[in-house]
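Visitor: Chains as they are written, first to last, in this note's numbering: chain A, 871 to 1087; chain B, 8 to 483.
These are computed hints drawn from the structure, not numbers from a lab. You can trust all of the hints, since none of them are fake.
For the chain A half of the interface with chain B, some residues (derived, Cβ under 7 Å), not all of them:
1. L881
2. V885
3. H897
4. S961
5. A963
6. P972
7. L974
8. R978
9. P1011
Cβ coordinates follow ideal geometry from the N, Cα and C atoms, glycine included.
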Amino acid sequence: MKNGPLFLVGLFLSVLIAWSGIVLGSHAQLGRQTPFFDEGDGVAYPARQMGLAARGQLVYADLGCASCHTQQVRRPGFGNDQGRGWGERQSVARDYLFQTRPQLGASRFGPDLTNLGGRKPQPPTEEALYRFLYEGSPTHPPYAFLFENLPIAGEVSSLALKLSGTSAPASGRQIVPGERARTLVAYLRNLNTVYDYPESRPLPVEQKAPAKEEAKK
Amino acid sequence: MTNQSTNAGAAEVTAIDTHARWPLLYLIGAGLVWLIVSGVLSLIAAIQLHSPAYLAECAWFTHGRVEAMRETAFIYGWAANAGLAIGTWLLGRLGGYPLRGLNWFVVGGVFWNLAVAAGLIGIAAGEMTSFAVLQLPRAVQPLLVLSYAATAISGVLAWSGRKRAGTFASQWYAVAALFLFPWFLTATQVVLLWTPVRGVVQAVAAAWYAEGVFALWLAPLALAGAYYVVPKVSGRTLPSYEAAPVAFWTLIVVGTWTAGRHLVGGPVPAWLPTMGVVGTSLLLFHFLVLAFNFKIALTPAGTAMNFLRFGLLAYLLYGVFTTIASFRGVAAHAQFTFVTVALEQLGFYGAVSMLFFGTLYYMVPRLTGRDWALPGLASAHFVTASTGLVLALVALAVAGETQGNLLLEAKATYAEIFQQVSVPLMIHTAAQFLLIAANLLLLVNFAMSAWACGEKACASAAGLLRSSSSMEASAS
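Assemble the whole structure, with the sequences as input and the hints as a guide.
Guide: Pasting the structure below:
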């Protein structure tokens, strides 16, 4: 360590190698990934997000939704994501191909949202999501600032929330989702990883399970 | 409790210290103000965890943004300022000459803090990048690199122009942190912000950066302080010091290969989490050597040593727990719960911050040339801060453990989970109050000490002025 320049070069190389290995390594493996073309359907998956939903992801990101919600389903047998109805298969890199800024998240203080738009038995309706965002719940903050409190001029807006009780607006006024609320809800309703890619099928676990049962018998 | 370690005899304060006094004190002061800002934001975020409606009507204080601001103020505000001051001071002292390039240091320090302040406002307004640990908006990122590089020049010059042929562990760690951060920050900005890589590779790069911030930047700065102060205070050489280079290089070489531990079971290549386990396990060697080196830290008394002891212990625990948590079987439980948050707090607050506190209690009297203005507050700071921190960590760990278990049961609804964890989360809020109170004690103590030093400096400057004018008078 007596040689100053050599020390600095050593430091630099250590970091360069780690960065190349981890970041460039992953990039080399996944950077050229293409959508999967299903010949039966004649469509490529995943689909690009539509304009409104793509803008909604920006709202999701700037509100920091990822601080409580993940968007990554773990494989069957690892955790309990399937038991919670968050998705039947694990998320794979291809699912995020067209997302400008994937929101994987690191906390599940709220539920995983990977497949919110495809929840069984019924995905939440547009209206339910608006109400939820406006009123909140005991476990979720209300984001009233995404909505506009407007006077009713002529007809009531078709988007106006049907509210009752304490959250209802004063008479002659209506609560209408603002642009950010509309894009966010479009995005949330669009969250769904529908297609089963070759790499996302949880084969090994399925094969193992019956083998064990047979052995027991 | 004696406070020998925090007292500085006049003989111990050298020209190297007085020369760089005000630039270094400026950075420390700025860091402490950010620490309080971060504390208040932590408190808001903590309250929101058990009372979600708190401040929810205001877009600037949605939980996600508060969380991002808290983290940013802590890492880029408090830890960066304090760490830069500590690292530069050590390199100056051990280099043997007064620091050069201090004008760069001051200019860099001013712009760094402006960048952080502007960045926090940007996050509040919704401009965050949404990458954990790198939330500062795109617009201030270039300024971050430039101002850091300017600030780090003094330290690196002190290293390359040092008086002695031999070097010390403190110097390696400090110079590594000063030198490496601009590089890996730039590399990360390129792949995340300027020419973003596709899809989940972004998550991989962000995880790598997060590991870098700890292992290549803040932990080295904290360890530099410990390697310097512990032998000084205890008056003994470190045992097994000959193994210290191996510990250093293990941290630098392996430290960021652990990135995959954030992505266990995630939609990333499977070798990444495996590499995470390998990396954290190899790093255990680094922690083992440190444990041998710092055996002697167990006995000496004094506020500085109390903080250093706490910090070193937390650092070792962090090493052990991250290794355990990186294994898949454990991650299936602990991942995505408050256990992860507790672990991160153990590293950034328990280890890095507490080591910084310890070093500052030793360093500030040597910069000001006088004792801490209110020595009583120093011991009170340690008691309050350590109580608050232990309480916060235990509360988070309990909440996380409960949460992890309930998430594995399909029947437990989110409302039930919320109810079960709300008591530990309220305790966590109380702990945040304690931490703010504790750090206010340090801020007040620091401000009084710096003020007293400033008055003395003014008085002596005025004295000089008088004597010179009288000389002029006599000459004419």
